[in-house]
Amino acid sequence: MRTEHDLGDAEPAPFGSPVAAEPMTIGLVEEAEPVARSQWQLFRRRFVKHRLAVIGSIVLILLIILCFGAKYFAFYDRNQQDLLLGPTSPSKAHWMGTDQLGRDTMTEILYAGQVSLKIGLAVALFSTLVGTVIGAAAGYFGKIVDQVLMRLTDLFLVVPAIAVLAVAIKGFGKLQFFADLGQTFVIIFVLAALGWMYIARIVRGQVLSLKEKEFVEAARASGASSWRIIFRHILPNCIGPILVNATLSIAAAIVTESTLSFLGFGIQPPATSWGNMLSSAEGNYNQNTHLLYFPGLMILLTVLCVNFFGDGLRDAFDPQAKH
Amino acid sequence: MLTYSLRRVLYSIPVLLIASFVLFAGVRATFDPTARLAQSRDPQVQIRERERLGLNDPLVVQYGNWLKNAVHGDFGQSATSREDVSKMISRAMGNTLQLIIIGAVVSVFIAIGIGVFSAVRQYSILDYLFTGLSYIGVAMPPFWFGLLAIEFFVVQHRWFLSVGLHTGDSSGFDLDYLKHLVLPVATLCVQIIASWSRYQRASMLDALSADYVRTARAKGVPRWKVVFKHALRNALIPFVTVVALDFGALFGGLIITETIFSIGGMGRLFYNAILVGDVYVVQAWMILVAVIIILFNLCADLIYGILDPRIRLA
Numbered sequence: 001m002r003t004e005h006d007l008g009d010a011e012p013a014p015f016g017s018p019v020a021a022e023p024m025t026i027g028l029v030e031e032a033e034p035v036a037r038s039q040w041q042l043f044r045r046r047f048v049k050h051r052l053a054v055i056g057s058i059v060l061i062l063l064i065i066l067c068f069g070a071k072y073f074a075f076y077d078r079n080q081q082d083l084l085l086g087p088t089s090p091s092k093a094h095w096m097g098t099d100q101l102g103r104d105t106m107t108e109i110l111y112a113g114q115v116s117l118k119i120g121l122a123v124a125l126f127s128t129l130v131g132t133v134i135g136a137a138a139g140y141f142g143k144i145v146d147q148v149l150m151r152l153t154d155l156f157l158v159v160p161a162i163a164v165l166a167v168a169i170k171g172f173g174k175l176q177f178f179a180d181l182g183q184t185f186v187i188i189f190v191l192a193a194l195g196w197m198y199i200a201r202i203v204r205g206q207v208l209s210l211k212e213k214e215f216v217e218a219a220r221a222s223g224a225s226s227w228r229i230i231f232r233h234i235l236p237n238c239i240g241p242i243l244v245n246a247t248l249s250i251a252a253a254i255v256t257e258s259t260l261s262f263l264g265f266g267i268q269p270p271a272t273s274w275g276n277m278l279s280s281a282e283g284n285y286n287q288n289t290h291l292l293y294f295p296g297l298m299i300l301l302t303v304l305c306v307n308f309f310g311d312g313l314r315d316a317f318d319p320q321a322k323h
Numbered sequence: 001m002l003t004y005s006l007r008r009v010l011y012s013i014p015v016l017l018i019a020s021f022v023l024f025a026g027v028r029a030t031f032d033p034t035a036r037l038a039q040s041r042d043p044q045v046q047i048r049e050r051e052r053l054g055l056n057d058p059l060v061v062q063y064g065n066w067l068k069n070a071v072h073g074d075f076g077q078s079a080t081s082r083e084d085v086s087k088m089i090s091r092a093m094g095n096t097l098q099l100i101i102i103g104a105v106v107s108v109f110i111a112i113g114i115g116v117f118s119a120v121r122q123y124s125i126l127d128y129l130f131t132g133l134s135y136i137g138v139a140m141p142p143f144w145f146g147l148l149a150i151e152f153f154v155v156q157h158r159w160f161l162s163v164g165l166h167t168g169d170s171s172g173f174d175l176d177y178l179k180h181l182v183l184p185v186a187t188l189c190v191q192i193i194a195s196w197s198r199y200q201r202a203s204m205l206d207a208l209s210a211d212y213v214r215t216a217r218a219k220g221v222p223r224w225k226v227v228f229k230h231a232l233r234n235a236l237i238p239f240v241t242v243v244a245l246d247f248g249a250l251f252g253g254l255i256i257t258e259t260i261f262s263i264g265g266m267g268r269l270f271y272n273a274i275l276v277g278d279v280y281v282v283q284a285w286m287i288l289v290a291v292i293i294i295l296f297n298l299c300a301d302l303i304y305g306i307l308d309p310r311i312r313l314a
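Respectively, the protein sequence lines represent chains R and W.
Counting from 1, position 36 in the first sequence corresponds to residue 36 in our numbering; the numbering is continuous, with no gaps.
Counting from 1, position 38 in the second sequence corresponds to residue 38 in our numbering; the numbering is continuous, with no gaps.
Here chain W stands alone, though its shape is the one from the complex:
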């Protein structure tokens, strides 16, 4: 297990370095942090600023400097507000983590629940209903779901709230927070629940028709034990991979969700940064999210290794 974990960790380092360099180069080629200064009367201003920010160095040198600072937690200053990017990100991270952790947990449980139920009661009315809903869930653009949810649950029925995560200065875990949380989490998760539940159903069906399940039933193991202990444990292995692969999509979904629901998190930070062309925020955001996703994939690989001994021994 230790060699397996170590190998996974070591492999993710070059991926991370290459990914961050490609992203760095791409963002630099797209945005010019001194673009606004081009309009100033004194042409020297832009030249001096470029010199100060080190934009005339070769790209690799710039990347090296950036990486050196980034490792120390310094992502530079916002090109528009002059605020420290690291501060902006740590402020945004709070809201985002709430959304993403709650969203991921909710999606995993609902998807497993639906998947297992549909597999155990294959071809029942509810199975058909879930199948139909999952087709719609996959086909529906999440942002449209968000807009419809606001229209129906906030404007027409006033059951939930749609701006931010708290009303006024209130904070903490209370009814107000829950009312704010339901719709963004639903918007973030609807597509993912739809596709994950299909996966869980398929892998559960596979597991249920396996020989060891027949053996267990023949031995007289109670049905619930066969389903949850023998079949589900094996059906979870492919599910873990799918969850890990789709985790990046959750971060993409944040951009949509936080924009629609005006939540000051990472997604909105990125959205605003792109609109005003704030290079340093975009750059730090992309690379940070890449790190998070790689770390998450790493965790998934390790869980995978725990669940399936064949993988860690290979």
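For reference, chain R alone in the conformation it holds in the complex:
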């Protein structure tokens, strides 16, 4: 899960930077460069070259559409039981078989996917937003903010994440405010609240190197405020690493959620996620193994696709990056 590790010190690509782009268009005569490509076109071409990334993003989009449109795509009603049928192996009528109550597994997997994907996407979104702002502040202002951030990350590195998350979900779940918002929200909140440090460190590294650049100095000289410099001049130049890590943190969040739910600390039944579908399938060895295979396969497929997508993004943003 730390393939993104080496990005922290990588020289940021001048993607979308107005300073880098402008001299090119002014200096070149139209005829001299027959195929003029915009940054976006170059970016797209590099992304499409990474074939697995393209396949990954297509599968991912399909998965999202199928899961969130489960109401329309699922062949069966979610609660439709058939106790006489019981658990059956995959067949023409039930592509992924049925569970102990005779419910269609594929239907359940699509609905469970809503929860898993929602948690993955929301955690990535929130932890990236928080991490970016804090990391940028730490890198730009330095001193106390920086110290506090680095120590916080140190703290988090010395305890296994799963243990802290399990305790934190229990702790916050007890509070009335969070209990009212539902278990999914508590899990999103805790995963995001304890997961922003990593991205913050990366953004901090980027900002540290960018703030010495001339275009920042120029902005400062023309009287821009600190936050304007951060948001308008520095952060647009870190968009690559930020997006790549946001993508990869979707995968991390999905795996973490499934692990917590499997152990019984995450999503509680009757609500389902891929993780707790597996925990109810545990012990079903020898018979009904399809209950064991499919939810896990869905996690594997989603995480693989997200990681490929992230790899493609990285290649597209930073063509010099080595593998």
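Hints were generated in silico from the structure; no laboratory data involved.
Remember, predicted model here, so these are calculated numbers, not experimental data.
Among the clues, some could well be false.
No farther apart than 30 Å at their CA atoms in a straight line, the calculated lysine-lysine pairs in the DSS-like style are these [to be verified]: (1) K118(R) <-> K71(R); (2) K118(R) <-> K174(R); (3) K87(W) <-> K229(W); (4) K170(R) <-> K68(W); (5) K170(R) <-> K87(W); (6) K211(R) <-> K143(R).
Far from chain W, some chain R residues (derived; all Cβ distances over 12 Å) [unchecked claim]: (7) L42; (8) F43; (9) F47; (10) I61; (11) Q80; (12) S89; (13) L101; (14) L129; (15) F231.
Each residue gets a CB set at the ideal place from its N, CA and C atoms; glycine is no exception.
Use these hints to put chain W onto chain R, whose structure you have.
Frame of chain R; chain W shown alone:
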């Protein structure tokens, strides 16, 4: 070297103190050791118990008392079984140490092996195979791997065993022990081997394209010597950092592995303690694991200093 080591040791003390206080406060805020007594008919029972356990003192005082006892090896009594927490932990530690030491050693060697091989034979069929496997290994939730392994190797083929580390009263190092050990260790390590081997491959590729490797080859040094002596030694430096950083993840993995394979170690101790809300066990566990991880990071820093003179001199 001495100043460097000393500085690292001194730095880890405040980290440890702050970490343990934050954990202490967090666990205390989450679990109430007297929660069960709230249902008793006599409301005084809970009040007396709170007084006895010192739960009415300020948090800092409670932490101070706890720390004082902890330094002397006394972590209090379990809130549910009244057993000494230190006894529960030392019993669990035995199994855990076996898993974690064997797991770490196995992972390091396999990861280095795969990494070096893939780098030396870059773009060979096996390199592609390892790359594909590592993608799957990283993406696969370890607990699912464990479940599949039990299904395939224990239930269908009966090659290995999946409950505990020994059958019945047997103990010691024998075939039975090995049969019990393979799957938990594999479950614990699969993800880590996948990501470590990628690292080792990348840093080995870096090292192989370095100038000193070209020089060595130009001088006519045998190829195996170039790979293992010149390149590998330098490629191991970044690897050490990654291993140290991921060591905490191994402890997290224990919670999953020991739960799936019913091994009475630290991971299961923690899992059960959370389920019944046993504050003293959770607290002692977290802080003890933090100490172990910090000690391990310290070792890694020292190894790092030995491997790379630039770091200890900086």
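Now for the hints, and whether the structure bears them out:
Distance hint between K118(R) and K71(R) is fulfilled; the C-alpha atoms sit about 16 Å from each other, no more than 30 Å. Note on K118(R) and K174(R): the hinted pairing holds, with a Cα-Cα distance of about 22 Å set against a maximum of 30 Å. Restraint check: the Cα-Cα separation between K87(W) and K229(W) comes to about 46 Å, which exceeds 30 Å; the hinted pair is violated. The straight-line distance between the Cα atoms of K170(R) and K68(W) is roughly 28 Å, inside the 30 Å bound, and the hint therefore holds.
A hinted pair counts as satisfied when its Cα atoms are at most 30 Å apart, and K170(R) with K87(W) qualifies at roughly 26 Å. For the hint pairing K211(R) with K143(R), the CA-to-CA distance comes to about 15 Å; that is within 30 Å, so the pair holds. For L42(R), the shortest C-beta to C-beta distance to chain W comes to about 25 Å, beyond the 12 Å cut-off, and the non-interface label holds. Residue placement check: F43(R) keeps its beta carbon more than 12 Å from all beta carbons of chain W (closest about 24 Å).
Distance to chain W confirms F47(R) as a non-interface residue, since its nearest Cβ pair spans about 18 Å, more than 12 Å. Here I61(R) stays apart from chain W, with its beta-carbon at least about 18 Å from theirs, past the 12 Å limit. Its beta-carbon lying about 27 Å from the closest one in chain W, Q80(R) satisfies the requirement of being farther than 12 Å from that chain. At roughly 14 Å from the closest C-beta of chain W, the C-beta of S89(R) stays outside 12 Å, upholding its exclusion from the interface.
With 12 Å as the threshold on Cβ separation, the claim that L101(R) sits away from chain W holds: the shortest Cβ distance comes to roughly 21 Å. Separation of L129(R) from chain W is adequate, the least Cβ-Cβ distance of about 24 Å exceeding the 12 Å criterion. For F231(R), the non-interface assignment is confirmed: its Cβ lies about 31 Å from the closest Cβ of chain W, beyond the 12 Å cut-off.
Consistency note: the structure conflicts with earlier hint 3 alone.
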